[in-house]
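Engineer: Using the sequences and the hints given, assemble the complete structure.
So the protein lines, in turn, are chains A and B. Residue numbering for the first sequence follows our numbering, starting at 548 and increasing by one per position. Residue numbering for the second sequence follows our numbering, starting at -14 and increasing by one per position.
Treat the hints with care, as some may be off.
[What the hints assert, rightly or not] FRET-style restraints, in silico, Cβ to Cβ:
#, chain 1, residue 1, chain 2, residue 2, range
1, A, Arg780, B, Glu278, 37 to 45 Å
2, A, Glu606, B, Glu37, 48 to 56 Å
3, B, Gly180, A, Ala793, 33 to 41 Å
4, B, Glu41, A, Ala553, 24 to 32 Å
5, A, Lys633, B, Ala33, 24 to 32 Å
6, A, Lys633, B, Gln70, 32 to 40 Å
7, A, Glu647, B, Ala150, 23 to 31 Å
[Said to hold, decoys possible] Below, computed lysine-lysine pairings styled on DSBU-like, alpha-carbon distance capped at 30 Å:
#, chain 1, residue 1, chain 2, residue 2
8, B, Lys205, A, Lys698
9, B, Lys155, A, Lys698
10, A, Lys800, A, Lys594
11, B, Lys91, B, Lys71
12, B, Lys65, A, Lys800
13, B, Lys29, B, Lys274
14, A, Lys690, B, Lys155
15, A, Lys677, B, Lys65
16, A, Lys633, A, Lys800
17, A, Lys796, B, Lys65
18, B, Lys29, A, Lys633
19, B, Lys222, B, Lys155
Hints were generated in silico from the structure; no laboratory data involved. Predicted, not measured: the structure shown is a model, and the values here were computed from it. Beta carbons: idealized from backbone N, C-alpha and C, even for Gly.
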Amino acid sequence: MKSFEADFYRLCNLLAAREPFAFNRFSDGELYILQDKELILDVQQVKVGDKVTEGIYKEEDHKRFNPQEHSFFRDRLVDAFRYTKKNYFKGLSCRCCVGEENFQWQLDFHGGYDENFTWANLLVNGNYGKFIREMYPLFSEYKTVFVCNEKAELSVMPFITKDFRVGYNAMVNDYGLIQTMKEWIDENNVRGHLFLFSASSFSKLAIHQLYDHCDLNTYIDVGTTLNAFMGMRVDRTYLKSYWLGAKGKDLHKICIW
Amino acid sequence: MIKIVTATTLPVGSTVALVELCNQFNARGLATTLYGPDVWHLDKCAAAAIDEFRPEKGDVIILNRINLVSLSELDNLPAKIAAAQKPNRFASLKDALLASAPLARKSEAFKLVLTCVGDDSCLSQATRFPLFDKIHLVHAVQRGRRSAPPSFTCPSFLRDLERSARKPEKVAGVLGSICASNRVDAAIESAFRDGMATVIVYGLMSDPVYYYRTIEPLTKGYPGRIKYAGFVTNRQKVYDSVSDVYCAVSKPGSPVQRECAATNTRFHGPDPADGGHPLSNDQIFEIWKKELEL
Chain A
548 MKSFEADFYR LCNLLAAREP FAFNRFSDGE LYILQDKELI LDVQQVKVGD
598 KVTEGIYKEE DHKRFNPQEH SFFRDRLVDA FRYTKKNYFK GLSCRCCVGE
648 ENFQWQLDFH GGYDENFTWA NLLVNGNYGK FIREMYPLFS EYKTVFVCNE
698 KAELSVMPFI TKDFRVGYNA MVNDYGLIQT MKEWIDENNV RGHLFLFSAS
748 SFSKLAIHQL YDHCDLNTYI DVGTTLNAFM GMRVDRTYLK SYWLGAKGKD
798 LHKICIW
Chain B
-14 MIKIVTATTL PVGSTVALVE LCNQFNARGL ATTLYGPDVW HLDKCAAAAI
36 DEFRPEKGDV IILNRINLVS LSELDNLPAK IAAAQKPNRF ASLKDALLAS
86 APLARKSEAF KLVLTCVGDD SCLSQATRFP LFDKIHLVHA VQRGRRSAPP
136 SFTCPSFLRD LERSARKPEK VAGVLGSICA SNRVDAAIES AFRDGMATVI
186 VYGLMSDPVY YYRTIEPLTK GYPGRIKYAG FVTNRQKVYD SVSDVYCAVS
236 KPGSPVQREC AATNTRFHGP DPADGGHPLS NDQIFEIWKK ELEL
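Structural biologist: Encoded structure:
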């Protein structure tokens, strides 16, 4: 039986032991892209397939995926999702968050079970306090490269030695940055570094391709978990509960497999 | 067997002190295990999860941060600790009732020691002193707060730290858990008033709401000059990274001042400098050995 907490400590222990790994997350947004549904997240609307609701997303979170126009990027996301390698961990959307049908769809689409499947939510919800208390301090043991939005302020995190910036809808607009990063890794013989990604769907493509290119570094998709240290908004419900003390159950939520 | 049992094994000062106590005892031939509810301690010393703890005949049990009401509670400490962590608005009433309950008795099967490391509240009214054979205080000032049964004063063991080979200039460290009672914000402001260029905050995120309300706005007020590292286990690395350490609250018995002296780091805080030579680890061990009659 998979354990939400045990999987978190599995990654934490690898990090502490300086054993390189990659943690890639496929959340609901990536799930819809994998399902080849049109996706628009912006200030005016949230559109998933044919379903449209009111927009809530600020500029740095804007995302637009058109199945016809962006099929190349969807194919790269499929590559990242189906990629299998030692210590390449894939976080899936769990049945308690996206429902049984979507959860099963991911497994079927992947084709075969991967022992490195884990939760996309592994660093949030019931594990978020542990992430801040126990995993964040380990970043200081590494030369850390941060990949994030151009608006993020990184000076609070003392371990960051290099950053790469992306804009909105980075999966499409900044795809070329992956090649730039590969070249930087090669030219500078970057080994034993930690790469943290907070760049939405761009992170998924980059983590896959960079780990495939050089598996001697560690690559983690930290999503919005470090927003409080980046001058970014803490408007996700788990962030509001943790940093603002807002009422909510997210911090006690133990996701099931 | 010596069994150290604590209600928290998150990386805070008391856990670090208990890990060191466990390691020092084992290094000197006293079989010792540290039990706690979290996982941080598990690879730091001879350690086990709290639910593996069983009191056995002949044991010396050293308790920390556990307000024991009766000896029978030792048989189910996970439940006791979990219950204590839940908010309870009737806690003070419960304490008063417990204080008036019939006197408890010591165990004849094992020795029970209460250690007040990192926990001044252990000398509160609610503590059932008759259950304990000894009380361990880390500083004489704790003794004055309440007259407890037989107690002994002994500082925490000092970790192996060396003088920093090279120090940065005007980089301050604020060491301790991030919470209002530690007045981290005041320590940061004090460092900047003294002309420090940068402040690195090293400590467990105990109160994120305090951080976001108080420290995060300071990071904007002093752009690029405040950094948060979390609790970094490698203390040598911590002291090597700073020229000065700032503390805004009195913490008698805290090892930080001694560690600053050992690493050639300037200390700024309300506690007066300890006069004379600090006790060596050998001397500290001799105190424990005598008091535990080992």
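Engineer: Indicate, hint by hint, whether the structure satisfies it.
Structural biologist: Outcome of the hint check:
The hint said 37 to 45 Å for the Cβ distance between Arg780 (chain A) and Glu278 (chain B), and at roughly 59 Å that hint is violated. Taken as a hint, the range 48 to 56 Å holds for the pair Glu606 (chain A) and Glu37 (chain B), whose Cβ atoms sit roughly 52 Å apart. Checking the proposed 33 to 41 Å range against Gly180 (chain B) and Ala793 (chain A) shows it holds: the Cβ atoms sit about 38 Å from each other. Between Glu41 (chain B) and Ala553 (chain A) the beta carbons are some 29 Å apart, a value that agrees with the proposed interval 24 to 32 Å.
About 31 Å separates the C-beta atoms of Lys633 (chain A) and Ala33 (chain B), a value consistent with the hinted range of 24 to 32 Å. Under the hint 32 to 40 Å, the C-beta atoms of Lys633 (chain A) and Gln70 (chain B), about 39 Å apart, fit the expected range. Between Glu647 (chain A) and Ala150 (chain B) the Cβ separation comes to about 59 Å, which falls outside the hinted range of 23 to 31 Å. Distance restraint check for Lys205 (chain B) and Lys698 (chain A): the Cα-Cα separation of roughly 14 Å lies within the 30 Å cut-off, and the hinted pair is therefore satisfied.
About 29 Å separates the Cα atoms of Lys155 (chain B) and Lys698 (chain A), which keeps this hinted pair within 30 Å; it holds. Between Lys800 (chain A) and Lys594 (chain A) the alpha-carbon distance is near 27 Å, which keeps this suggested pair within the 30 Å criterion. Proposed proximity of Lys91 (chain B) and Lys71 (chain B) is supported: the alpha carbons are some 28 Å apart, at most 30 Å. Simply put, Lys65 (chain B) and Lys800 (chain A) have alpha-carbon atoms about 23 Å apart, close enough for the 30 Å limit, and the pair holds.
With a C-alpha separation of about 23 Å, the suggested pair Lys29 (chain B) and Lys274 (chain B) falls inside the 30 Å cut-off, and the hint holds. A hinted pair counts as satisfied when its Cα atoms are at most 30 Å apart, and Lys690 (chain A) with Lys155 (chain B) qualifies at roughly 23 Å. For the given pair, Lys677 (chain A) sits about 22 Å from Lys65 (chain B) by alpha-carbon distance, which is consistent with the 30 Å threshold. Among the hinted pairs, Lys633 (chain A) with Lys800 (chain A) is consistent with the structure: their alpha-carbon atoms are about 29 Å apart, no more than 30 Å.
Proposed proximity of Lys796 (chain A) and Lys65 (chain B) is supported: the alpha carbons are some 24 Å apart, at most 30 Å. Of the pairs offered as hints, the one joining Lys29 (chain B) and Lys633 (chain A) holds, with about 28 Å between alpha carbons and a cut-off of 30 Å not exceeded. Distance check on the hinted pair: Lys222 (chain B) and Lys155 (chain B) sit about 16 Å apart at the alpha-carbon level, within 30 Å; holds.
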